[in-house]
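Enquirer: From these two lone chains plus the hints, build me the complex, please.
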Amino acid sequence: MNSVNKADVIVVGAGPAGISAAIAVARGGKKVLLIERAQYAGSKNMYGGAVYTTALKEVFKDDFKTIPYERIINSHTWAFLTDTGSFEMTYKNDDSSASYAIKRFNLEKWMIERAKEAGVYYIPNTLVTNLLLKDGCVIGVKTELEEYFASVTILADGVNSLLSRQINLRNNFEPKDIILSVKEAIKLDKKVIEERFNLKDDCTNGVNKLYFGTGFGKTKDVKNLFMMTFLHTFKDTVMLGVGANLADLTKNKLNLNEILDEVKKHPDISPLIKDGETIEYSAHLIPEGGYNKMPKLVSSGVIIAGDAAGFINSVHLEGTNFALISGKLAGESALSAIDNNDFSERSLLIYRKKLEKSFILKDLYSYRNVIDKLHSRSNSLSVYYPKKIRELFEIVTSANCISKGEQIRNYVKSFFKDRKVTELFKDIFAFFKCGFDVFFGK
Amino acid sequence: MNENKDNKKSIQEKLELLKYNCANSSHLIVDQKKCAKCKEKPCTFICPAGVYTKDEITGEIVVQYENCLECGACRIACPKNIIDWSYPESGCGVVFKHN
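Which chain is which? The protein sequence lines are D and B, in order.
Under this note's numbering, the letters of the first sequence match residues 1 to 442, in that order.
Under this note's numbering, the letters of the second sequence match residues 1 to 99, in that order.
Simulated from the structure, these hints should not be mistaken for laboratory data.
Treat the hints loosely; a few may be bogus.
Stated by the list, open to error - Far from chain D, by Cβ distances over 12 Å, these chain B residues were calculated: (1) 26; (2) 47; (3) 57; (4) 59; (5) 60; (6) 66.
Stated by the list, open to error - Chain D stretches covered by chain B per the calculated footprint, using a threshold of three residues with CB under 8 Å from any CB of chain B: (7) 44-56; (8) 94-105; (9) 170-184; (10) 251-260; (11) 279-290; (12) 373-382; (13) 427-439.
Every value quoted in this text rests on a predicted model; they were computed, and no experiment measured them.
We put the beta carbon where it would ideally sit given N, CA and C, even for glycine.
Only chain B is shown next, with the shape it has when bound in the complex (with noise of 0.2 Å):
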């Protein structure tokens, strides 16, 4: 556990150097009754940008969208097809440029 928490402590430090641009609404659009069914879980490990946590009190997924890099890691991870996946909005999201 604690091996995760540096991670997640190293991810939160590599999205600080990122820029993103207006994230209004969520894109990234999950179903928690389905999701309490799934036992996997793959989207709170495999996102690069650690987006999905589960909630450790009411065992619900929490989506932090605006840390999103966009890659689609979720969406094909995600064992039973859950993730509403899309594009955030016109010119939002986020912003590389050293890639």
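Bound conformation, chain D alone (with noise of 0.2 Å):
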């Protein structure tokens, strides 16, 4: 055996989980090979558009500092669109640096760098096709040209992750657990945007917006769609993308782009990006199943990290923190066992003790239910409440010789007459049945 082929502990994918991990184990001193299938990490991968920072910070250290962010994105917008206007509500707070507008090919490059830096053996342009097994405990992986052997081996191999499935780690995600996200970079003077979105020209502040609502364009009509619209300022690009879930997509035949299309043609959203070239269009998978469809997380001689083991909290769009830590703490699970010399799947499962001790599965346990909560309430958060709200506002800024009393007594029976009432006493249990999960939570 070569000895170029073997080390201690063979992560593959490098995205956030596979080069928090890779770093990990390079800083206590062992050899770690960071497999990744692309000529360039981060050029397969799609986000949002932002980054939260501490956990950057937390892997990173003092290099930090020198992550090439295009915007620090300090305000954020929560929008109801109706098919003529919306209700937008904006926290902004300039001082905030919690997050960054970054675009992954840039964000996945730099960290490579930190990677070599820290003494990680980084193999682009590698495709990891099976993992080698012998006596039911994996001791390695086969790429299309040859074969790597470690003690451990970290999966942090996104959404999709082929091998998890494998070895029978992860069953396959169902359609409905799952968000399709698909998303336009769109190309605008960076003065353009400074006026647009109220920004400074030093790139110190930026713009995020999260759009509910789907009863405009092509899916007006659609009752049941769970979906959401959002857009980031970068510095001279506004990326915008919708995500929607694809066993809802999937019922009602639609297409995911013809929706973004609309989306762009929305009132609200076309003055936005008006006279701005796409220059790039992607699409990505997103794991909802959370807690309830979390997968083995270790086995013998291996551990999942990542979007791989669904580890994402959608409601706060957190998804590259949760890969970087449980990255970092995969890392250091396999250290320890090095340590013992014990690559059992009880000695690693003290990477499930670290996750339970952090936010990873405390957020993942507390925020177990809601995101089928939301998504089996999605006809009144995409379609009756932005109508509801309209009516409320159509009352409070007009006057046409009613008396406001009566409107807004009309209005509050409304509720009562609209739908059936077990509707609304279901969106109310829903309510209160998420906000005392996540209060009561871990």
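Expert: Here it is as structure tokens:
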């Protein structure tokens, strides 16, 4: 066996989880190979557009200062779209630097440089096709050309994680647990972006907007579509995308590009991207199964991290930070297994203990029912309440010779008349159930 | 049907913006016999890159794998798990830069 092909740890996938895992192992003084199928790490990835900085600081320490971000995202808008307008709520804090807009191509490129500095052996352009097993224990990986061997293999191979399914660590996701997302990068003059979004010219502020509501365009008559539109400002690009539940799309025979094109025409969104030139189109899946669909996290000789394990909290747009920290914990767990010279499933279960102590499993647990509940109430979220908000603001913002008291009484009554009363109670129950779970969570 | 054509055109225009590396062989394999029995054929409308189309004459599924964005939607949406979905060969496939 060639010594080049042997290491203490192999990490498959150079995304945030994999790179973070590899760095943790290298910092522990052990030999680690980081294998990536793409020519450039990051070139297969896609996300909303921003990463929370705390996890980056934890993994990259002082180097964090050199990260090539484009704008600090510190203005957050939540909006409901109706067919003729919207209701928006914005929170802005120019002092905040909790989130950075950065392209994944640039983020991963920068992270890879840090990994190499830490002593990680980086092997790009290499597709892992199989896991190598001996007596039920993962002992390495097979690529198209070679075999590599290690005591521990960390799978950070992303949402589709074909490798974890090879050894039944994970079941296939069902469409209802998956969000399909498409995004366009729309190029605009830097100054135009700054004027349009009320931004400073030094990139110290930036905007994130989230839109709910499907009652317009092609989706106007679709009753149940769990969907969200997102927008981030970059230096000279606006990232605009939509994410929707895969089961809903399938049931309604919808194509997400078609929906994105409709969103771009919406009266509240089209002025924001006017005269912009689309320079890229991308698609990705988001695993939303959460705690209830969590895979077996370890098996003999193998650990799973990041999207591959379904570690996200989409309510708060968290994913990259879950990947970075779960990767770090996976790397540290591999180190402790090496110290004990025990690579059994039992030994590697220290990973689960570390996750339980961190925010990752606490949040996954607290939010375990939230997405399912929101999904089951998608008509309320996407159609009914946007309509009710519009009705309310029509009363508040117009005068029509009917007393306000009467209008408001009628408005309140309409909640009991519009739909079956049980629908209202289901919404209220779902709201309190989610709130209760999170408040009394771990 | 007309709307569908507009969307196909829209997708095509967007795909033309993308860079792809070497696509020598298909990483998406379908089983035409099983596909013929599938009524819904979600792959033909769900794929954000419009990779799958039903040939109107033969009824077979045509797979334009070279347009694939490697998202995996077809794999999970396929009701019978027919699509043998893998990644393109090492270093091949789509290259996102403004992602």
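Enquirer: Against each hint, give a clear statement of whether it holds in the structure.
Expert: Structure-based check of all given hints:
Interface exclusion of residue 26 (chain B) from chain D stands, the closest Cβ pair being 15 Å apart, more than 12 Å. For residue 47 (chain B), the requirement that its beta carbon stay farther than 12 Å from each beta carbon of chain D is not met, with the minimum near 8 Å. Listed as a non-interface residue, residue 57 (chain B) keeps its Cβ farther than 12 Å from every Cβ of chain D; the least gap is roughly 23 Å. For residue 59 (chain B), the condition that its CB be more than 12 Å from all CB atoms of chain D holds, with the nearest at approximately 19 Å.
Residue-level check passed: residue 60 (chain B) sits 20 Å from the nearest beta carbon of chain D, beyond 12 Å. At roughly 15 Å, the least C-beta separation between residue 66 (chain B) and chain D is larger than 12 Å, which holds for a residue marked as non-interface. Only residues whose beta carbon comes within less than 8 Å of a beta carbon in chain B count, and the segment 44-56 of chain D has 4; three or more means the coverage holds. Coverage of the segment 94-105 of chain D by chain B holds [criterion: at least 3 residues with CB-CB distance below 8 Å; count 3].
For the segment 170-184 of chain D, the stated coverage by chain B is satisfied: 9 residues place a CB nearer than 8 Å to a CB of that chain, which reaches the threshold of 3. Counting residues of the segment 251-260 of chain D whose beta carbon lies closer than 8 Å to any beta carbon of chain B gives 6, which meets the minimum of three for the stated coverage. Given as covered by chain B, the segment 279-290 of chain D passes the check, having 7 residues with a CB less than 8 Å from a CB of that chain where 3 are the minimum. Here the segment 373-382 of chain D counts 0 residues with a CB under 8 Å from a CB of chain B, which misses the bar of 3, and the coverage is violated.
With a cut-off of 8 Å between beta carbons, the segment 427-439 of chain D has 0 residues touching chain B; three or more are needed, and the interface restraint is violated.
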